[in-house]
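K.L.:
Next come the chains, spelled out residue by residue.
Number of protein chains: 2
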Amino acid sequence: MRAYDREDLLFQLFDVARVDTIIEGTDLDREAVLGILDTADQIATDYYLPHAHEIDEHEPVFDNGRAILPDVVKPAVDAFVDGGFLAAPFSPDHGGLGLPETVHQAASFVFSTANISIKGYAMLTIGAGRLIQSFGTDDQKTRYLHPMVEGRFFGTMCLSEPQAGSSLSDITTKAEPMEDGRYRISGRKMWISAGEHDLSDNIVHMVLAKIPGGPPGVKGISLFIVPKIRLDGARNDVTLAGLNHKMGYRGTTNCALNFGENGDCIGELVGEPHKGLRYMFQMMNEARISVGMGATALGQAGYQAALAYAKERPQGRSPKAKDPTSSQVSLTEHADIRRLLLAQKAAVEPALALALFCAVLVDRHRAGDTDALTLLDVLTPVAKSWPSEFCLEANKHAIQVLGGAGYTRDYPVERHYRDNRLNPIHEGTHGIQGMDLLGRKVLMQNGAGFAALVGAIRQDIAASGHALGPDLATAVDRLEEVTRSLAAQVIADPERGLANATLYLDFTGHVVMGWMWLRIAAAASLRAGQDGDSDFLKGKQQAARYFFARELSRTDGWARTLMANDQSAFDMDPAWF
Amino acid sequence: MRAYDREDLLFQLFDVARVDTIIEGTDLDREAVLGILDTADQIATDYYLPHAHEIDEHEPVFDNGRAILPDVVKPAVDAFVDGGFLAAPFSPDHGGLGLPETVHQAASFVFSTANISIKGYAMLTIGAGRLIQSFGTDDQKTRYLHPMVEGRFFGTMCLSEPQAGSSLSDITTKAEPMEDGRYRISGRKMWISAGEHDLSDNIVHMVLAKIPGGPPGVKGISLFIVPKIRLDGARNDVTLAGLNHKMGYRGTTNCALNFGENGDCIGELVGEPHKGLRYMFQMMNEARISVGMGATALGQAGYQAALAYAKERPQGRSPKAKDPTSSQVSLTEHADIRRLLLAQKAAVEPALALALFCAVLVDRHRAGDTDALTLLDVLTPVAKSWPSEFCLEANKHAIQVLGGAGYTRDYPVERHYRDNRLNPIHEGTHGIQGMDLLGRKVLMQNGAGFAALVGAIRQDIAASGHALGPDLATAVDRLEEVTRSLAAQVIADPERGLANATLYLDFTGHVVMGWMWLRIAAAASLRAGQDGDSDFLKGKQQAARYFFARELSRTDGWARTLMANDQSAFDMDPAWF
Numbered sequence: 001m002r003a004y005d006r007e008d009l010l011f012q013l014f015d016v017a018r019v020d021t022i023i024e025g026t027d028l029d030r031e032a033v034l035g036i037l038d039t040a041d042q043i044a045t046d047y048y049l050p051h052a053h054e055i056d057e058h059e060p061v062f063d064n065g066r067a068i069l070p071d072v073v074k075p076a077v078d079a080f081v082d083g084g085f086l087a088a089p090f091s092p093d094h095g096g097l098g099l100p101e102t103v104h105q106a107a108s109f110v111f112s113t114a115n116i117s118i119k120g121y122a123m124l125t126i127g128a129g130r131l132i133q134s135f136g137t138d139d140q141k142t143r144y145l146h147p148m149v150e151g152r153f154f155g156t157m158c159l160s161e162p163q164a165g166s167s168l169s170d171i172t173t174k175a176e177p178m179e180d181g182r183y184r185i186s187g188r189k190m191w192i193s194a195g196e197h198d199l200s201d202n203i204v205h206m207v208l209a210k211i212p213g214g215p216p217g218v219k220g221i222s223l224f225i226v227p228k229i230r231l232d233g234a235r236n237d238v239t240l241a242g243l244n245h246k247m248g249y250r251g252t253t254n255c256a257l258n259f260g261e262n263g264d265c266i267g268e269l270v271g272e273p274h275k276g277l278r279y280m281f282q283m284m285n286e287a288r289i290s291v292g293m294g295a296t297a298l299g300q301a302g303y304q305a306a307l308a309y310a311k312e313r314p315q316g317r318s319p320k321a322k323d324p325t326s327s328q329v330s331l332t333e334h335a336d337i338r339r340l341l342l343a344q345k346a347a348v349e350p351a352l353a354l355a356l357f358c359a360v361l362v363d364r365h366r367a368g369d370t371d372a373l374t375l376l377d378v379l380t381p382v383a384k385s386w387p388s389e390f391c392l393e394a395n396k397h398a399i400q401v402l403g404g405a406g407y408t409r410d411y412p413v414e415r416h417y418r419d420n421r422l423n424p425i426h427e428g429t430h431g432i433q434g435m436d437l438l439g440r441k442v443l444m445q446n447g448a449g450f451a452a453l454v455g456a457i458r459q460d461i462a463a464s465g466h467a468l469g470p471d472l473a474t475a476v477d478r479l480e481e482v483t484r485s486l487a488a489q490v491i492a493d494p495e496r497g498l499a500n501a502t503l504y505l506d507f508t509g510h511v512v513m514g515w516m517w518l519r520i521a522a523a524a525s526l527r528a529g530q531d532g533d534s535d536f537l538k539g540k541q542q543a544a545r546y547f548f549a550r551e552l553s554r555t556d557g558w559a560r561t562l563m564a565n566d567q568s569a570f571d572m573d574p575a576w577f
Numbered sequence: 001m002r003a004y005d006r007e008d009l010l011f012q013l014f015d016v017a018r019v020d021t022i023i024e025g026t027d028l029d030r031e032a033v034l035g036i037l038d039t040a041d042q043i044a045t046d047y048y049l050p051h052a053h054e055i056d057e058h059e060p061v062f063d064n065g066r067a068i069l070p071d072v073v074k075p076a077v078d079a080f081v082d083g084g085f086l087a088a089p090f091s092p093d094h095g096g097l098g099l100p101e102t103v104h105q106a107a108s109f110v111f112s113t114a115n116i117s118i119k120g121y122a123m124l125t126i127g128a129g130r131l132i133q134s135f136g137t138d139d140q141k142t143r144y145l146h147p148m149v150e151g152r153f154f155g156t157m158c159l160s161e162p163q164a165g166s167s168l169s170d171i172t173t174k175a176e177p178m179e180d181g182r183y184r185i186s187g188r189k190m191w192i193s194a195g196e197h198d199l200s201d202n203i204v205h206m207v208l209a210k211i212p213g214g215p216p217g218v219k220g221i222s223l224f225i226v227p228k229i230r231l232d233g234a235r236n237d238v239t240l241a242g243l244n245h246k247m248g249y250r251g252t253t254n255c256a257l258n259f260g261e262n263g264d265c266i267g268e269l270v271g272e273p274h275k276g277l278r279y280m281f282q283m284m285n286e287a288r289i290s291v292g293m294g295a296t297a298l299g300q301a302g303y304q305a306a307l308a309y310a311k312e313r314p315q316g317r318s319p320k321a322k323d324p325t326s327s328q329v330s331l332t333e334h335a336d337i338r339r340l341l342l343a344q345k346a347a348v349e350p351a352l353a354l355a356l357f358c359a360v361l362v363d364r365h366r367a368g369d370t371d372a373l374t375l376l377d378v379l380t381p382v383a384k385s386w387p388s389e390f391c392l393e394a395n396k397h398a399i400q401v402l403g404g405a406g407y408t409r410d411y412p413v414e415r416h417y418r419d420n421r422l423n424p425i426h427e428g429t430h431g432i433q434g435m436d437l438l439g440r441k442v443l444m445q446n447g448a449g450f451a452a453l454v455g456a457i458r459q460d461i462a463a464s465g466h467a468l469g470p471d472l473a474t475a476v477d478r479l480e481e482v483t484r485s486l487a488a489q490v491i492a493d494p495e496r497g498l499a500n501a502t503l504y505l506d507f508t509g510h511v512v513m514g515w516m517w518l519r520i521a522a523a524a525s526l527r528a529g530q531d532g533d534s535d536f537l538k539g540k541q542q543a544a545r546y547f548f549a550r551e552l553s554r555t556d557g558w559a560r561t562l563m564a565n566d567q568s569a570f571d572m573d574p575a576w577f
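Heads up: the protein sequence lines correspond to chains Z and G, in order. Here the first sequence stands for residues 1 to 577, numbered as in the working numbering. Here the second sequence stands for residues 1 to 577, numbered as in the working numbering.
Treat the hints with care, as some may be off.
Pairs involving identical chains hold if they fit within one copy or between any two copies, as the list cannot separate such chains.
As the list claims (entries may be wrong) - Below, computed lysine-lysine pairings styled on PhoX-like, alpha-carbon distance capped at 20 Å:
#1 K322 - K141
#2 K275 - K322
#3 K141 - K320
#4 K219 - K320
#5 K322 - K538
#6 K538 - K141
#7 K320 - K275
#8 K311 - K219
#9 K322 - K219
#10 K74 - K320
#11 K275 - K74
#12 K311 - K174
#13 K311 - K74
Derived from the structure by calculation, the hints contain no laboratory data.
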C-alpha cells in the first residue's frame, strides 16, 4: 500500500497547481511527468516504505567517531541517486537535470510519505549543493557541486552551536585566514542532520563561522565549505562528537560535530566575507519549504493509514442501533471517526497545495517573474509552519482513529506523530517563523509582499466564482485589518507588537489554507463540469466546506485577540511562574 | 528536582480544594496530611523519578510467557506499598487506611509526576480492589481483597478483546457454570495494563465475560474474579500471549491475555449474573478520574521541566536589543516562551483543581451527600478528557520551549508527550467521553446533573465576587443554551444530535476549567488579603487572566458551531474519502 493518495497528488499537480503552465515550452510533457512520478513511486515502494519501521527501531549507533546506520539505508539512497532524483533539481550546467521545482517537489512528497528519515540525507545535500550553485566559484562548483549532483558527496548545513540554537548572532566558530587563502576552522556545531554517515564518499559541510576582526553579531558571519575529507584524500579535522537520540526522525543522524579540535580543519570561503548569513538564508528558505512539505507528507501518510484502518475495521454500532446482535459496522460509520478523518484530510490536502504552489512560484521566479519571489517570501514562514503545526495535529488524529492499536509500534501512525514533532522546531522554530512573518515579511518593501498575498487571494476568489468565496473574502478583509493594526504596533514597540506573532502566523496560515481549499474546490468544480462528478471530487467539496465551517471560522476569535493585541502572556513576569 | 511544584500542590489542596473541610472530624489534621505528602515525595524522589528514563528505554520483555521488567520497578512498588499508599484508599474494614480520597489523590499526583508507568501497577490494583470491596462477598474480600490491600496481590481490569475495543457489547469471552458454583472462563483479552509481571505474589484479573444463555449485548455481561494463581497454589489457565509495544507508558506492561486456552481457567462470579458492566462502571469511573489525574501529572511534569530549562538557558535577545555583543538573555525574557509556559500553567493547574474537586465530591458522597455523586457523574467525562487533550497540548509546548533539546531523549519532555498520548485513548476514548457527556450525563435524571453543574459554577461566581466572574457567567449562559439545543436534538435524532459530541465535550471542559481558574484566582485573592500578595499569587491571577483571554474565549466560536450543529463531518460520505 502507498503512503499517499496518487489520485490526489496528480489532481493537485495538474488541476490545482497547473503544472502544465510550468512545463509548457520545456521538453517535459504530462507523460514525462507521470513517468517521473512512477519512478519515484517504484523506488519509494521498493526501498523506502518497507524499511521505515526498521530504521525507527534501530537508530544510528555511535561507534568510535563513526555513525553506523542500518544496512537498508544505503540501497535506498543509491536507488534515489540512480533514479536521477538527486540530480533532478540542479542546473544542467552542473550535471543536473534541471527539473522544474514543482515536479521535483511532487516527487519529493512521494519519498517523504514513504520514509522521511532516509529522505533527509538527500534533502540536505540538495540544499547544500544549491548554495554552492548560487554562490560558489566555478572551481568550487567543479570540485564540490558536481560530485554532489552525482551523489558521490552528500551535504549538510552547520549553523547551530551548543550555546547558540536559534540565536545565530552568538555563534563562536572561528575561521582564521591561512596564507594560501583558505581558512582554519575551529568550533563546535550542534543539531547537524546527516552530519556523519558512510552513505557517500564525502560530506560537504556548509559551515557558518566568524572571521576574527569582523563585525559583531550576524553581520560578521561568513560561509565556508568544510569537507569531511579533503580533496587530496586526507581526513579533514571534523569529528563526530556524538549523536543525538531523538524522539523521532531516527533514521537521519543528528550530530554534534567538532571542527578543528586538533587545529587541522581547513575550509574554503564561499562568496564574500561576512555575507554568510545572507547566503545561508537562501538555503534556509528552501529548507523551510521542504520542512513544510515533509510535515505535509507525514500528515498524508498518517491520514492514509488511518483511512485504510477505518474502512476495514468493524467496531460498534450507530447510536440509533438497538439490536446488539446486529453486525458491527465499519469505523467510518461513526460520526466522530469521520470527523477525525476529515480533519486530517482538511489539513493535509491544502498543505500539499501550498507546498506545490510555492514550488510553482520558484519556477515562475526562475522564468523571470520577480513578483513571484515577493509572494514566495511572504508565504515561506506559513509554508514551513502551518503544516508543522496542523499536520502534526492530523497525525494525532490518525492515532486516535486506530485507538489502542494506533498507540503501538505495530502501526506507523505513532511514528509519524513522533517524526512530525521535529518540524515545528528545526529550520527556525514556530515562534521564530511568526516573528519572521510579522516582524519582517509583512513589513518588507513597504508591505509589497503582504499586498501581493491578499491580491493573489482576492484574484482567485473573483476568478473562481465558488460558493466559498465570500467567506474567504471576509477572512481576507479581517487579515488585512489585523495586519495593519499589528504592523503599526511592531514599528512603535517591537516587543509588544510582536508578542502575539505566533498567533498571527497561525491566523495567516488558516486564511492561506482557506485560499488553498478554494483553489482545490474550484479545480474540483471545473473537473466535475468537464468529466462529470465523482466521489473523489465530492470529497474535495465536502472537505472544503468542513475546513471553512470548523477551521476558517477560528480566525474570527483569533482576529479579536489580535486586534486587542492581548498582552496577558507578555505581562507575565518571569518571577511569577 | 521535583517533577511538580509543591507550593502549588499545597495551595490547591488547602486553599482551593479546602481539604480542611474534608478532614474535619477525622483523626487527620493539616500536619498529618503534610506528613503523608512528605512521605510520598520522599518515595517518589528516591524510587520513582530517578528511573523514569530507564524504564522508558528498557520496556518489558516477553520471555516464554513471562513479562520481564527492569529491576528498578519492584523496589519502587515495594516502597509504595510499605509507605502505606496502596492501603491508603481502602476501608479500614479490609485492612485499609481509609484515607480521604482528596488526600489519596494528592499523593497519587506526586507519584504520577515522577513516574507514571510504575504508578500504573498500583492504580489498577486499587481500582480492582475497590470493585471487590463494593460488590464481592465477605469471603471474596478475605481471600482476594485483603492480600491486595497488603500489596501481596495486584489487580487488573480485563474488558477489551481483539475484536471489541470500545464496543463492549461485542465481547465473546465465555463463563460456563461449573457444578461447584465457579465458572470456567475462556476467551482472549486485549490491552490489559499490568496484565502480567512478577511484582506481586498473584494477579487478580477482574474479567468481563458472558454466561451462555444470557441476554445479548451489554446486558449479558457478568464480572468475574480470575486469579493468575489459584488460592490453592495451582497456576490458573491464564497465559500471556504477548506484550504490546507502545509509543509511551512503556514501563507498564500492556498485554494480550488468553483465558482457558487449555480449558482450565477458573473464575468466581462477582455479585449477580449479567450485572457486570454496571459493577465495572464503578471502576471505570474511578479509572477515568485517575486517567485525568495522570494526564494532569504528566502535564505538570513537562511544565516544571520546561520552566526550569527556560529560567536557566540564555538564548538570544529582545527584539529591541540592537547590540549583538550584549549578553544573551534567559529564555523567559522572550514573549513567545512566556506564552508557551503560561499556556502550560493555564492548562495543568485547573486540571489539578478539577481532579482534586472530583476527589472532594467522592469524599462528600461517602459522607452521605448524594448531590455530590450527581455532580461527579456529570464531571467525570470532563475530568478524564480535558487533561488528556489539553495537558497533552501542554506537553507539546514543553518540548517547544526546549527546542532541539526537547526533541531528544536526554530531557524528559518528549517522554511525557509520548506517555500522555495514551490518555485520550484508554478508559474510553475522547469521542466516547463526548457521547457519554452529551448522550447520557446531561440527559440523566431529567437534566439534574447538568443543573447541578451550572448551579455550582454560578454559586462560586456569586460567592467569589472576582473580576473574572462576569465573563465566566456569560460562558455558562452559553453552555446552558447550547446544551438545551443539543439535548433536544439528541432525543429527536441521536446520530445527528451526537455528531458534535466531542466538540461539546471540549466546550464544556473549557467552561469547567474557567470555573476552576475562578476558584484558584478567588483563593489567591483571599490568601493575598490574609498574608499579603506574592509572586506566587500574582502568577495565579495572571494565568487566570490568560486562560480567560486565550482559552475561554474559544467557547464563543465553539458555541456558534454547536448551536448550528454543523454537520459537515457527519455528511461526509465514507466513499468520498
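K.L.:
Could you work out which earlier hints the structure fails to respect and list their numbers in ascending sequence?
P.N.:
Going through the list in order, the structure violates hints 1, 3, 5, 6, 7, 8, 10, 11, 12, 13 and respects the others.
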